[in-house]
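Student: First to last, the sequence lines map onto chains Z and L.
Counting from 1, position 69 in the first sequence corresponds to residue 69 in the working numbering; the numbering is continuous, with no gaps.
Counting from 1, position 252 in the second sequence corresponds to residue 1252 in the working numbering; the numbering is continuous, with no gaps.
There may be inaccurate statements among the hints.
[What the hints assert, rightly or not] So these bits of chain Z aren't anywhere near chain L, every CB distance computed over 10 Å: (1) S17; (2) L22; (3) D24; (4) R27; (5) R31; (6) F32; (7) A33; (8) D35; (9) N42; (10) L49; (11) F50; (12) G53; (13) P70; (14) V71.
[As the list claims (entries may be wrong)] Under 7 Å between C-beta atoms, here's a sample of chain Z residues computed to sit facing chain L: (15) G21; (16) I26; (17) F39; (18) I44; (19) N46; (20) T61.
None of these hints come from the bench; they were simulated from the model.
Cβ atoms here follow ideal geometry from the backbone N, Cα and C, with glycine treated the same way.
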Amino acid sequence: MAPGGQAGSSGSGSPGSPREGLRDWIRSACRFAADRTDFRRNLIVNLGLFAAGVWVARNLTDIDLMPPQPVA
Amino acid sequence: MGNVLAPVLNLHRPLRREEPLTNPGSFDELHRKCKEVFPQQMEGVKLIINKALSSHFQVTHTIHMSTVGQSSYHFNTTYVGDRQLSPTETFPMLVGDIDSCGSLNAQVLHLVAERIRTKAVFQFDGELRGDDYTATLTLGNPDVLSQSVIVVAHFLQSVTSRLVLGGEMVYHRRPGEEGAIVTLAGKYMALKWVATLNIGYGGAHASYYHRASEQVQVGVELEANTRLQDTTFAFGYQLNLPQANMVFRGLLDSNWCVGGVLEKKLPPLPVTLALGAFLNHWKNRFHCGFSVIVG
Chain Z
1 MAPGGQAGSS GSGSPGSPRE GLRDWIRSAC RFAADRTDFR RNLIVNLGLF
51 AAGVWVARNL TDIDLMPPQP VA
Chain L
1001 MGNVLAPVLN LHRPLRREEP LTNPGSFDEL HRKCKEVFPQ QMEGVKLIIN
1051 KALSSHFQVT HTIHMSTVGQ SSYHFNTTYV GDRQLSPTET FPMLVGDIDS
1101 CGSLNAQVLH LVAERIRTKA VFQFDGELRG DDYTATLTLG NPDVLSQSVI
1151 VVAHFLQSVT SRLVLGGEMV YHRRPGEEGA IVTLAGKYMA LKWVATLNIG
1201 YGGAHASYYH RASEQVQVGV ELEANTRLQD TTFAFGYQLN LPQANMVFRG
1251 LLDSNWCVGG VLEKKLPPLP VTLALGAFLN HWKNRFHCGF SVIVG
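Sequences and hints are given; from them, build the entire structure.
Tutor: Below, the structure written as structure tokens:
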């Protein structure tokens, strides 16, 4: 079992496999997204919030805070 | 033959401007529309009494009972002259403020010529307002003996009736050290919205103001400081209800701070009551305050 186990583990752990590369990329992207002390990450997040805020502002129309009361 | 050529020649003439260019205002007021939407931080109790002693002279008493820092009393006086350019601009203007700790601030604003304004605090400010441009020069803390000075130069040009472009240069000099920072600025004004951007080596400041309706105004702001490695985002809105004599301003920002200020006039008395509360979820801090403004 041991040689087969070792062969199996060495096959999936090879550094050039695309699955490993994709996993590493996703891991580093998650680490980047969760790092609150990173300036570039905060800039990207706040740019996205700014774009969302502008979208909300431009779509806030037809709001009447004091509409006429319906006559009973 | 001359008539045949005339339509061809007309194609090379520049297009006539539909609207005349107006003065773009001052550099410090580029983001003013957006800033006015956001509520001012309030804490403790404040009483403000404004009294106009004549059409030229006004005094203001401000008593602030603070829950965070020291309580204070401010006495403010304003004198305005006879030359009125607009409802909010009268020259010369002398403003003085003294508080209970003995700090005194005073400034003089004077219209030297039709288009040249000056301001003196502990710095000298000169502004030249043309038909479609504004140029400002500020000298701060000039010290001939130690050869130190701060010079700030602004220039804004109305490129079209809606687009303003300009820049700022800050130069500072001290013994053994000098440096300059340049910032570019642009502002686009549409019928219902205004977008402004300042960008330079020190960072960027973008703001967007939108008048959604007669009752609702929204402001969105983004600031990035490369020196402090910090960015902030803020979303503010203002609700006007003149039928109820009420104005409400709300704020939400990326520092997990949520706040609001409600201002209510109490006719027929010349009194305005303001209630405000701010909550910082991240730091778990809450402070509220109210103020009464008379006059």
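Student: With reference to the structure, classify each hint as holding or not holding.
Tutor: Quick rundown of the hints versus the structure:
1. Against chain L, the non-interface label of Z/S17 holds: every CB pair exceeds 10 Å, the least being about 37 Å.
2. For Z/L22, the non-interface assignment is confirmed: its Cβ lies about 30 Å from the closest Cβ of chain L, beyond the 10 Å cut-off.
3. Listed as a non-interface residue, Z/D24 keeps its Cβ farther than 10 Å from every Cβ of chain L; the least gap is roughly 27 Å.
4. Annotated as non-interface, Z/R27 keeps its C-beta farther than 10 Å from every C-beta of chain L; the closest such distance is 24 Å.
5. The claim that Z/R31 lies off the interface holds: its Cβ sits roughly 18 Å from the closest Cβ of chain L, which is beyond the 10 Å cut-off.
6. Every Cβ of chain L is farther than 10 Å from the Cβ of Z/F32; the closest lies at roughly 15 Å, confirming the non-interface assignment.
7. Z/A33, annotated as away from the interface, keeps every beta carbon of chain L farther than 10 Å; the closest lies near 15 Å.
8. Under the 10 Å C-beta cut-off, the non-interface status given to Z/D35 relative to chain L holds; the minimum distance is some 13 Å.
9. Non-interface call for Z/N42 relative to chain L: violated, since the shortest CB-CB distance, roughly 5 Å, does not exceed 10 Å.
10. With a least beta-carbon separation of about 4 Å from chain L, Z/L49 fails to lie farther than 10 Å from that chain, contradicting its non-interface assignment.
11. Residue-level check failed: Z/F50 sits 4 Å from the nearest beta carbon of chain L, not beyond 10 Å.
12. Its beta-carbon lying about 4 Å from the closest one in chain L, Z/G53 breaks the requirement of being farther than 10 Å from that chain.
13. The beta carbon of Z/P70 is kept farther than 10 Å from every beta carbon of chain L, the shortest such distance being approximately 18 Å.
14. Distance to chain L confirms Z/V71 as a non-interface residue, since its nearest Cβ pair spans about 18 Å, more than 10 Å.
15. Hint status for Z/G21 relative to chain L: violated, with the closest Cβ pair at about 30 Å, above 7 Å.
16. Using the Cβ-Cβ criterion of 7 Å, the hint placing Z/I26 at the interface with chain L is not satisfied: the shortest such distance is roughly 25 Å.
17. Interface hint status for Z/F39: upheld, as the beta-carbon distance to the closest one in chain L is roughly 4 Å, under 7 Å.
18. The restraint placing Z/I44 at the interface with chain L is violated, with a minimum CB-CB distance near 9 Å, outside the 7 Å limit.
19. Taken as an interface hint, Z/N46 checks out: its beta carbon lies about 4 Å from the nearest beta carbon of chain L, inside 7 Å.
20. The closest approach between the C-beta of Z/T61 and any C-beta of chain L is roughly 6 Å, which is under the 7 Å cut-off, so the hint is satisfied.
Comparing the model with each numbered hint stated earlier shows that hints 9, 10, 11, 12, 15, 16, 18 do not hold.
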